[in-house]
Each structure stands twice: as structure tokens, then as C-alpha cells.
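Everything in the sequence shown is counted per full-length UniProt numbering, starting at 1 for the first residue and increasing by one.
Derived from the structure by calculation, the hints contain no laboratory data. Check the hints yourself; a few may be wrong.
Simulated restraints, written as ranges between beta carbons of each label pair [unchecked claim]:
1) T96 x R15: 33 to 39 Å
2) P137 x L11: 18 to 24 Å
3) E76 x E121: 17 to 23 Å
4) T96 x G138: 18 to 24 Å
5) L97 x G138: 17 to 23 Å
Just so it is clear, CB atoms sit at the ideal spot from N, CA and C, and this is done for glycine as well.
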Amino acid sequence: MGICSDTHDNLDLARGAVETFEDAGVDAVLHCGDVVSPFTANVFDSDFEFHAVRGNNDGEWNLGSVIASFGTYHGECATFEFDAASVALYHGTNETLVDGLVDSGTYDYVFRGHTHQRTYEERGDTVHVNPGGLPIPGADDTYHVALFDTEEDDVAFYEV
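Modelling step: build the complete structure from the supplied sequences, incorporating the hints.
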């Protein structure tokens, strides 16, 4: 499974993320929000399942319907079961809500974005993951995506 976030209409990075996911042969991609515009969302129309949550910069009114034409736009938050792993997906705008999802013990993984800072943190029985985002001052200086192997229970980061 591919995990990405905060593409912010950077078509080169979005295409690089999709290429990474296609090369890895993922069956699903989770976007943690801030796709921003429909033209960027269209880059993710590929041979994998696509799921996205709303980010704080996703203001384009047509974004949800464009994503719905090839994937699922879940709004603020989504939960999934992949193989034996329970997953929560949230953009991460509110750190109290992120902490609540992670600390609840309900999910094996909480995937989030917003900070543009690549994160892998084990807290209790939950793993908190942020794949990173478009490089911004004070965060990562390169764009990364994550691959989540549900059978091996492993998350790996890849620079795009």
C-alpha cells in the first residue's frame, strides 16, 4: 500500500509518487490530504485503489467529485481494515485529534500529513506515520512517500 500527503499541486512530485507506487505494485494508495486541486488529483487515477481525506488546503469545490470518479474521497477522516491491520487516515490539522487517534489504542496505524515532516513513531500498540510532504522550511527538505507492507507489518520511506 502506498501512503502520501501534501502534494500541494506539485505535479512533478505527484507523478513521482504515482510512479513509485506503480513500480512497487501497490494495490491501494492513501493520500493524507492537501492534494489541493482536481488537476493534481487526476494524476492518481491509476490501476490502484485510491483513497483521500480532506486537507486544510483542499478548497477546490470540485476535488471530491473528481476523486470520486476514480477513487474515494472520505472527507475529514477514514478508517480501514487492510489484511489484519486497522488503520485511521486523517490530515492532521488538529494535533489533539491526532494524539487521540494514536493514543486510543483502537488502530494499529494512524497515517497523517499536514506537518510536511516525515514521522515514524511507535506509541503503545499504535504506529503513527507521516510520509512527509512538499518541502517547506522547518520540515523535510525532500519529498517522501511511504510503502506499507501489511503482510510484513512494515513501513518504508522512499524519496521521490
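A quick look at each hint next to the structure:
Distance hint check: the CB atoms of T96 and R15 are about 34 Å apart, consistent with the given range 33 to 39 Å. Between P137 and L11 the beta carbons are some 22 Å apart, a value that agrees with the proposed interval 18 to 24 Å. Hint check: E76 to E121, Cβ distance near 22 Å, so the stated range 17 to 23 Å holds. Remark: the range hint 18 to 24 Å for T96 to G138 is upheld by a beta-carbon distance near 21 Å.
Checked against the given bound of 17 to 23 Å, the beta carbons of L97 and G138, roughly 22 Å apart, stay inside it.
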